[in-house]
Structure formats: structure tokens, C-alpha cells
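Peer 1: Generate coordinates for the entire structure from the input sequences, incorporating the hints supplied.
There are 2 protein chains.
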Amino acid sequence: MAEKPKKPQKLRARLPRGLADRGPAEIAATRAMVEKIREVYERYGFEPVETPAFEYTDALGKFLPDQDRPNEGVFSLQDDDEQWISLRYDLTAPLARYVAENFDQLPKPYRSYRFGWVFRNEKPGPGRFRQFMQFDADTVGSGSPAADAEMCMMAADTMEALGIPRGSYLVKLNNRKILDGVLEAIGIGGDEHIKQRLVVLRAIDKLDRLGLQGVEQLLGEGRKDESGDFTRGASLNAGQIRDVITLLNFAGWGDIVDGSNTHTLDEWEGLRFSVNSTFSAGIQDLRQITKITEASGYDTGRIRVDNTVVRGLEYYTGPVFEVELLLDTKDEKGRPVRFGSVGGGGRYDGLVSRFRGEPVPATGFSIGVSRLQAALTLIGQLGNKPQAGPVVVTVFGGEIAGYQKMVATLRKAGIRAELYLGNPKHSLGQQMKYADKRNSPCAIIQGSDEKQQGIVQIKDLILGAELASLEKDRDEYLKKQAEAQFSCKEDEMVAKVQELLQRRGVAWG
Amino acid sequence: MAEKPKKPQKLRARLPRGLADRGPAEIAATRAMVEKIREVYERYGFEPVETPAFEYTDALGKFLPDQDRPNEGVFSLQDDDEQWISLRYDLTAPLARYVAENFDQLPKPYRSYRFGWVFRNEKPGPGRFRQFMQFDADTVGSGSPAADAEMCMMAADTMEALGIPRGSYLVKLNNRKILDGVLEAIGIGGDEHIKQRLVVLRAIDKLDRLGLQGVEQLLGEGRKDESGDFTRGASLNAGQIRDVITLLNFAGWGDIVDGSNTHTLDEWEGLRFSVNSTFSAGIQDLRQITKITEASGYDTGRIRVDNTVVRGLEYYTGPVFEVELLLDTKDEKGRPVRFGSVGGGGRYDGLVSRFRGEPVPATGFSIGVSRLQAALTLIGQLGNKPQAGPVVVTVFGGEIAGYQKMVATLRKAGIRAELYLGNPKHSLGQQMKYADKRNSPCAIIQGSDEKQQGIVQIKDLILGAELASLEKDRDEYLKKQAEAQFSCKEDEMVAKVQELLQRRGVAWG
Chain A
166 MAEKPKKPQK LRARLPRGLA DRGPAEIAAT RAMVEKIREV YERYGFEPVE TPAFEYTDAL
226 GKFLPDQDRP NEGVFSLQDD DEQWISLRYD LTAPLARYVA ENFDQLPKPY RSYRFGWVFR
286 NEKPGPGRFR QFMQFDADTV GSGSPAADAE MCMMAADTME ALGIPRGSYL VKLNNRKILD
346 GVLEAIGIGG DEHIKQRLVV LRAIDKLDRL GLQGVEQLLG EGRKDESGDF TRGASLNAGQ
406 IRDVITLLNF AGWGDIVDGS NTHTLDEWEG LRFSVNSTFS AGIQDLRQIT KITEASGYDT
466 GRIRVDNTVV RGLEYYTGPV FEVELLLDTK DEKGRPVRFG SVGGGGRYDG LVSRFRGEPV
526 PATGFSIGVS RLQAALTLIG QLGNKPQAGP VVVTVFGGEI AGYQKMVATL RKAGIRAELY
586 LGNPKHSLGQ QMKYADKRNS PCAIIQGSDE KQQGIVQIKD LILGAELASL EKDRDEYLKK
646 QAEAQFSCKE DEMVAKVQEL LQRRGVAWG
Chain B
166 MAEKPKKPQK LRARLPRGLA DRGPAEIAAT RAMVEKIREV YERYGFEPVE TPAFEYTDAL
226 GKFLPDQDRP NEGVFSLQDD DEQWISLRYD LTAPLARYVA ENFDQLPKPY RSYRFGWVFR
286 NEKPGPGRFR QFMQFDADTV GSGSPAADAE MCMMAADTME ALGIPRGSYL VKLNNRKILD
346 GVLEAIGIGG DEHIKQRLVV LRAIDKLDRL GLQGVEQLLG EGRKDESGDF TRGASLNAGQ
406 IRDVITLLNF AGWGDIVDGS NTHTLDEWEG LRFSVNSTFS AGIQDLRQIT KITEASGYDT
466 GRIRVDNTVV RGLEYYTGPV FEVELLLDTK DEKGRPVRFG SVGGGGRYDG LVSRFRGEPV
526 PATGFSIGVS RLQAALTLIG QLGNKPQAGP VVVTVFGGEI AGYQKMVATL RKAGIRAELY
586 LGNPKHSLGQ QMKYADKRNS PCAIIQGSDE KQQGIVQIKD LILGAELASL EKDRDEYLKK
646 QAEAQFSCKE DEMVAKVQEL LQRRGVAWG
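Chains as they are written, first to last, in this note's numbering: chain A, 166 to 674; chain B, 166 to 674.
Simulated from the structure, these hints should not be mistaken for laboratory data. Take every hint as true, because none was put in to throw you off.
Pairs count within a copy or across copies, as identical chains cannot be separated in the list.
List of simulated lysine-lysine pairs, DSS-like, C-alpha gap at most 25 Å:
#, residue 1, residue 2
1, LYS570, LYS273
2, LYS624, LYS637
3, LYS456, LYS570
4, LYS590, LYS273
Peer 2: What follows is the structure in C-alpha cells.
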């Protein structure tokens with residue numbers, strides 16, 4: 166027996182992990198969010214500037230948290246000229262390159278904003294995306310605490326512009342100098358301990374997820390997780406660990422009495438670390454920042470010092486901030502969800518300097534748009550309802566060109582409309598099923614009889630759907646049934662459709 | 166002598182070739198364009214859907230023009246699981262994957278639009294970008310000529326919505342079947358000649374750039390370009406070349422008499438190739454399409470058959486279209502620029518089928534947003550004028566918090582405002598220079614005297630700039646000088662600034 170010819174293998178339609186398609190509701194929600202954020206950032210005097218998706222790998226630097234191998238976490242490839250290029254993993258590192266490259270032409274301080282996709286080559290995991298959107302604002306060329314204060318206030322204003330009520334978010338403020346001071350005080354300051362300090366930083370950054378005990382393990386020899394994987398710790402001794410934990414226990418959440426951060430800062434200053442000048446400078450920064458925010462009416466209900474905040478990115482050098490959503494809500498399966506951080510930022514005085522060879526202070530704030538959008542969707546702040554679809558002009562034999570002309574007439578009047586482009590032999594029922602699936606407000610019907618009379622039938626699909634839920638034979642039903650399909654002259658079609666759209670409250674946008 | 170310690174090498178701030186940063190005017194122009202295109206596409210009944218930047222390399226397929234090595238032209242890298250992934254080189258191939266993956270849930274025909282960045286790993290060259298923006302619409306699941314006709318009409322409507330006057334653009338329409346028919350007729354039909362046909366296609370696609378003689382060389386043995394590089398040709402014999410050139414000479418530009426494409430199509434049908442059924446089917450398609458477009462009022466001044474159009478992408482199977490800008494204009498250096506194609510598309514009946522193993526007809530249209538934007542900017546259709554900057558509150562000693570509060574007050578009233586965040590010891594002159602560079606409409610000044618009196622000075626920077634061009638000592642000058650800086654009570658500041666903004670016609674957006 167001869168072998169059967171092999172059937173050619175079909176290509177499988179699928180996406181690489183950590184990537185997602187986006188439908189109409191999601192796209193509309195992102196657009197609405199982006200517009201609101203932009204409005205706030207522009208009110209704060211920031212102007213747009215955008216950089217491309219790729220940068221030279223060395224220009225981006227290696228500042229990602231949780232990455233032990235070089236280049237891990239970043240999508241990189243070698244260019245034709247052998248140089249390595251990478252997709253941006255955030256919007257800050259590319260901005261630093263941009264400012265350095267255009268330094269002399271830019272106003273200083275240089276205040277700019279941008280949003281766009283960033284890429285991280287993360288390990289697989291639920292909810293871990295490899296492409297997501299950020300919206301950043303940065304002030305480069307100012308070392309003033311007022312610049313940091315502004316970022317915190319803008320973060321708060323942005324949350325409220327997005328419909329998150331006061332009390333449901335918190336901008337948490339800390340200073341890398343405070344932790345640095347403690348680490349100096351316990352004997353791991355200096356360049357020779359730079360790696361160890363980084364491990365400490367990453368351990369503290371996991372406080373939310375692992376709790377104090379987990380952090381304690383990571384400050385010591387290390388920690389074995391549920392899967393049995395072991396993460397090496399910072400190898401601090403027992404006394405050193407106790408000191409760091411003391412600091413973390415002093416977050417100062419308990420003693421807010423009059424909306425001022427002063428009391429918490431006084432307490433921190435009372436710690437024995439304050440003999441260390443770095444620690445003490447960190448406190449002074451925070452005093453200046455909170456003095457400004459509080460004078461502008463932002464009390465501890467909105468902006469609050471919290472020394473558990475460290476931010477994972479390596480490039481921060483001073484004040485750091487994080488926006489936390491305080492909403493507890495349930496996911497689709499009824500499980501409680503705590504959103505945690507939806508944005509953050511801080512001072513990165515070293516990032517532009519890498520290119521310039523001179524100090525260039527800078528501070529910035531970044532919103533995780535994709536993450537925040539997921540949160541807002543869950544609390545119902547973003548519409549998930551599909552928009553009304555287009556008016557569908559159905560097709561029954563005859564000349565396609567005639568039907569197409571009706572469509573053109575509707576479109577010319579600004580009405581979203583389309584010709585049924587499926588098989589023109591499909592029944593009215595099949596064409597209506599399509600219109601329903603498109604969420605169309607109405608359909609236009611013209612058979613040969615209507616054509617001869619110069620009329621069209623207009624079928625109100627919104628009313629039609631209501632009818633389906635009414636008891637038949639009642640007066641209301643019969644009245645509505647008459648209203649749900651009616652005829653008019655061809656040249657009245659536009660006006661009648663416009664009336665129907667208004668009657669049904671259809672407004673596209 | 167001991168060696169000097171090496172100075173650490175400064176990182177160079179630069180972008181990889183073929184990538185560009187974008188400033189405020191460019192970003193605003195893209196936004197305006199995208200909004201207008203979206204409005205037209207939605208009026209045509211298309212709904213948004215977006216795919217991510219990456220796809221599996223095999224899902225994208227290899228359809229790029231001008232690429233001889235596999236994978237050339239595409240940015241690809243190997244994922245952790247050894248599978249190859251690539252950045253999308255257009256928006257059509259990813260859509261085909263999306264439709265195939267979600268086939269059962271989608272309405273059919275499925276009409277969708279999307280815009281976004283695409284990436285091509287092009288060889289270096291002026292004006293050749295490796296990241297650019299496209300805006301696409303596609304109808305998947307309809308083989309109707311009405312679907313193709315709609316793409317052509319939408320292309321025309323979009324150009325006009327973007328401010329390109331009728332007569333300054335042309336949608337050119339052709340059919341791959343016509344060329345295929347000719348190639349069958351001259352003996353290079355069939356699977357065994359697939360590569361040769363592709364070389365012919367690419368040769369014709371270069372007609373604009375190389376002229377008939379260059380195409381003739383590429384149809385034959387090949388062509389040596391100015392740099393001495395040799396491109397191998399399709400190796401057609403003299404008779405075959407003559408036949409293809411005959412076709413190209415029959416573009417039919419000369420005989421437009423009444424705005425109808427019929428005459429041109431009649432002429433094509435008169436060619437001896439029309440005994441070939443593929444050729445003849447191609448003509449019939451075009452007759453149906455142009456019948457629809459002409460019935461809807463789109464004459465040959467807007468949509469015209471032209472058999473020199475082939476489109477470079479391999480995946481087209483039937484009608485193809487291209488939008489050409491007919492504007493001749495000059496670049497910054499006064500050299501004439503002809504923009505050529507700013508968009509195009511066609512029918513790609515095989516692209517979704519690769520995944521489905523069943524026929525899925527589809528047609529689409531794509532605007533090269535970046536390319537069109539360059540053209541519109543050059544003809545002055547897009548504003549290049551920078552927007553007004555924010556109101557700048559200047560700083561003179563005293564408490565920063567007090568100045569910041571003024572800024573917060575202005576912002577709360579919806580006024581774009583910022584604190585001067587440069588060195589607070591900078592002189593008024595230095596701070597004004599910054600405000601000028603930001604294009605600020607006015608600045609707020611409060612020294613210690615003003616503070617004691619509870620007043621602020623408002624400096625009108627727009628009027629100030631006008632003053633600089635007036636002769637001094639004239640009445641007008643003195644009057645304006647008084648108007649250009651005035652004082653008011655602190656609590657009148659918002660109202661006075663709002664008046665000034667209105668007086669100077671400052672409207673942010």
C-alpha cells in the first residue's frame with residue numbers, strides 16, 4: 166500500500182507567555198485613563214517627550230530588581246554592528262539617555278512626561294506580564310525637595326482624577342538615605358559592601374509579600390520558599406538583623422494625630438542611628454518635603470512617611486515614594502485581592518550623571534498603567550460595557566452598489582454604519598444575528614418590494630432586545646413591537662436613524 | 166613614576182541607528198492624526214483590537230519585501246523555552262493570528278482596527294526607520310468585492326479627514342491576479358516558479374524608484390546599482406520581459422474621460438492575456454469594486470485602477486491598493502520631495518487560513534502614520550508651533566512652602582503652573598529666561614515686600630516679547646509696559662491670571 170501523503174501541519178495560533186491581546190473595552194479604558202493622567206501631569210507643567218522602544222544595552226544599565234544574572238529581565242539582541250541593544254524595561258533609563266544627549270538644548274530644570282509600553286523578560290507566572298504600560302513624569306536638573314514634594318502631590322492628584330476617593334489610596338514616602346545610614350551604622354557602608362547592601366534592599370522590598378519573618382531570613386543566611394527553591398540572604402549577623410528589623414518596626418503608622426508627619430519623623434530621629442549623618446540627612450529631606458506637601462493641604466491621609474518603602478530599582482539615591490491602593494476587593498472568583506503598589510518613583514541623582522560626568526540631580530514618578538487599570542476595572546471605576554456598534558445595512562439580492570450607497574449616506578451624516586459583508590445569500594435572521602453580535606442599535610432592510618416603493622425598513626435592535634423580555638399579547642408589547650420596526654422613505658433614512666439613536670441614548674465616542 | 170589612575174570612561178548618550186526621539190510638537194501631531202483616523206475607521210463600523218509587540222516567529226511568517234536571507238528584516242530572539250519570538254513587522258500578520266486564535270467567539274465578518282509601533286530591522290539609510298507607526302483596518306471573513314471597495318473609500322475619506330484636499334491624493338487599485346495571469350500566460354505559473362514570480366513582483370514594486378529600465382534589468386539577468394552592488398534578476402527571456410513591460414505600459418493613465426474606470430478596464434481586457442482565466446478574473450474583481458466605489462460617488466479623481474501597483478508584501482492574493490500623495494513640495498533644504506505611497510493594503514486570503522486549515526478570506530488597509538506625518542508636516546497641515554508652557558511661580562528666599570502653595574492654588578483652578586525648581590538663589594533674570602524657554606504666558610513674582618503687603622506681581626511674558634520689538638518712549642510702548650507687569654492681591658491671583666490667559670488667547674489642550 167502506498168503511503169498517504171502527509172497532511173500539511175497547521176500552524177498553531179497562540180501568543181508567547183506573558184503577552185496579551187486587548188479588546189475594545191480594555192482599549193477604551195486605557196485611553197480614558199491616559200487622558201486623565203495626561204491632564205494632571207500637564208497641569209503640573211510637564212511637557213511630553215518620547216523615546217523609542219530600543220536603547221543601547223549599556224545606556225539602559227542594569228538596575229532591575231530580582232535579577233541575578235547579567236541581562237536577565239531584559240530583552241536584548243545583537244545589532245548588525247555587533248553592539249547589543251535592548252528593549253526598554255522602564256521609561257526612566259531612556260529619559261536619562263535623552264536628557265544627557267540633548268542637555269544643552271533643554272530648559273533646566275527639564276520637566277517632561279511620557280507613557281508607553283515597557284518590556285521585561287520575566288519568569289512565567291500568573292499576572293506576570295512581559296509587556297505593560299507605564300506613565301512617567303520627571304524633573305531633571307533640580308535637587309530641590311520641592312521637586313520631590315511635587316511628585317508626591319501629583320501622585321495623589323492623579324489617583325483622585327482617576328476616581329479613586331481620598332482615603333482609598335496612600336502616597337508613602339521614605340528616603341534611601343535612612344536605610345543607607347542604618348547600614349553604615351551597622352558596618353556595611355562603603356563600596357566593598359555594595360552587593361551585600363543590594364541584597365538587604367531587595368529583602369526589605371519583599372516585606373509586603375513575605376512578612377517580617379521572611380525578610381529576617383533573607384537578611385540572614387537565606388530563605389527556602391514553598392517550592393523548595395533557596396534564595397541566598399545578605400548574611401548579616403544577629404545584631405545587624407535586629408537593627409534593621411528595629412527600623413522596619415518603626416514605620417510610624419500608629420501615631421498620626423493631627424495629619425502631620427512631624428511626629429513620626431521625630432520618633433525616627435530618636436533612634437540611635439541618628440548619630441549617623443546619612444541617616445540624619447535622610448530625615449531632614451523628609452522634613453522639608455512634608456513641610457511643603459502639608460502646607461499645600463496634603464495631610465497624612467494622602468502623603469505619609471513610611472520607612473518600609475524602598476522600591477526595587479537600584480538607581481534611586483534619595484527620597485522614594487510609592488502609591489498604594491488601600492481598597493480590599495474580590496476577584497471574579499470571590500477571593501480577596503489587595504492591590505498594593507500601583508506606582509512609585511524617587512530621586513535618581515546618578516542616572517544622568519553616568520553620561521555627563523557631572524552631577525545632574527533628578528526625580529520622577531511612574532504609574533503602572535496596566536496594573537492600575539486592572540485595579541480600577543475590579544472596583545468598577547472603569548466601564549466594561551461594550552460601546553454601541555454600527556448601524557448594519559442588510560443585503561437582499563439586487564445590486565450591492567445600491568446598498569453600499571445607503572451606507573455611504575449614513576456615514577456622510579456622521580453615523581457609524583456598515584454593509585453586511587458576509588455571504589449576501591444569508592437569511593435576514595443570520596444577518597440580524599451578526600448585528601446583535603456587533604451590538605448594533607439598528608439595522609436597515611430593503612427587499613425588492615421596498616426598493617420599488619423607494620422605502621426602507623428600520624429595525625430597532627435595542628427595543629427588540631427589550632421586547633424579548635416582555636410578555637406577549639399585552640398592550641405594551643404590541644405598542645413596542647410596532648415601534649421596533651418601521652418603514653420610511655429612502656431620503657428620510659438618515660433623519661429617522663438619528664432620531665432612533667437619540668431615543669435610545671446611543672452616543673459613540 | 167606611578168601610573169595615573171584611569172579616569173572612568175563616560176558612557177556615550179546615543180540611540181541605535183534608525184530610531185528617533187519625539188518632542189512635544191511631534192507627539193501632539195501624532196495624537197491629532199490618530200484621533201482623526203480613528204474617527205473615520207469607527208464611522209466605517211470597525212472596532213478596536215490590539216495585539217502585543219511580540220509574536221512567535223512562525224506565526225508572523227516571512228512576508229517582508231526585499232529580504233533575501235530568512236529572518237532578515239525582523240527583530241527576533243530566542244525565548245527561555247528555545248522558541249523564537251519576533252517583534253511584529255506589521256499589524257496584519259498578528260491580526261491573522263488573533264483572529265485564528267479567537268475565531269469562534271468573533272462576529273464574522275470580523276471588522277477591526279488598531280494602531281501601534283511596528284519594527285523592521287532595515288539596513289541603514291537616511292529616512293529608513295526601524296520603528297514606525299501604522300494604523301490598520303481589516304475585514305476578515307468576507308470575500309466580497311464590497312469589502313475591498315470599502316477599504317478604498319475609507320482610504321480616501323481618511324486622507325480628506327486629515328486635511329489633504331481632493332486631487333492631492335489618489336487611491337490606486339490593482340489586482341495581483343492580473344500580474345499572476347500574465348505570468349501564467351508567459352509560462353511561469355505553478356508552484357515550481359514561485360520564487361521566480363516573487364522576484365518579478367519585487368522588480369515591479371521598484372518601478373517608482375528605478376523606472377522602467379531598472380525594472381527591465383531586474384526582470385532579466387539583474388541590475389548593478391550606483392554603489393556597484395549587483396541584484397540578481399528574475400532571468401526572464403526577452404519575449405517574457407516584453408510581455409510584462411507591455412502590461413506596465415498599459416497603466417491606463419491617459420484616457421480618463423468621465424471619471425469612470427470602465428474605459429481603462431476595457432483596454433486591459435483587450436490585451437491578449439485576457440484569454441488567461443486568472444487575468445480575466447482579476448479584471449472582473451476590479452469591475453465589481455469600481456462599480457461600487459463609483460456608485461458611492463468616488464470617481465477616478467479619487468480611486469483609480471493602475472496596474473503598476475503590486476505592493477511589496479508577499480501575502481496579498483487579490484486586489485491591492487495604495488494611497489499616493491500627489492503633492493510636490495520642498496524639504497528644509499529646498500529640494501523637491503515627492504512623497505509617494507503613504508498607505509496601502511489588499512486582500513490576503515491565505516494569512517488566516519495558515520492557522521485554520523480552511524479558507525478565510527480577508528482584506529485590509531494600513532496607513533503609514535509616521536510617513537504620512539512627515540508629509541503633512543512638510544506641507545504645513547500639522548501645527549509645529551509649540552503649545553504655551555505653564556505659568557511659572559518664581560522663588561525669592563523665604564519659605565518654599567509658601568510659593569508651592571500658590572502653585573497648588575493655580576493648579577486647583579485648572580491652570581497649568583509650576584514652581585521654579587532650579588537653584589532658588591538664581592536671579593529674577595535667570596528665572597525669567599527659564600520661563601521664556603518654557604514658552605510660559607506669565608510669571609508670578611513675590612519678594613519679601615510684596616509678601617508683607619499680601620500682593621503678587623504678574624509678569625505678562627507674551628506682551629513682554631511684543632514690547633521688545635517696539636520703539637521705546639512711544640505712548641504705545643509705555644502703555645503696554647504698564648500692562649506687561651502689574652500687581653494684585655494674593656487672593657485675586659487666580660482671577661487675574663485667568664484674565665491674562667484669555668486676553669492672550671492661551672488655550673491648552
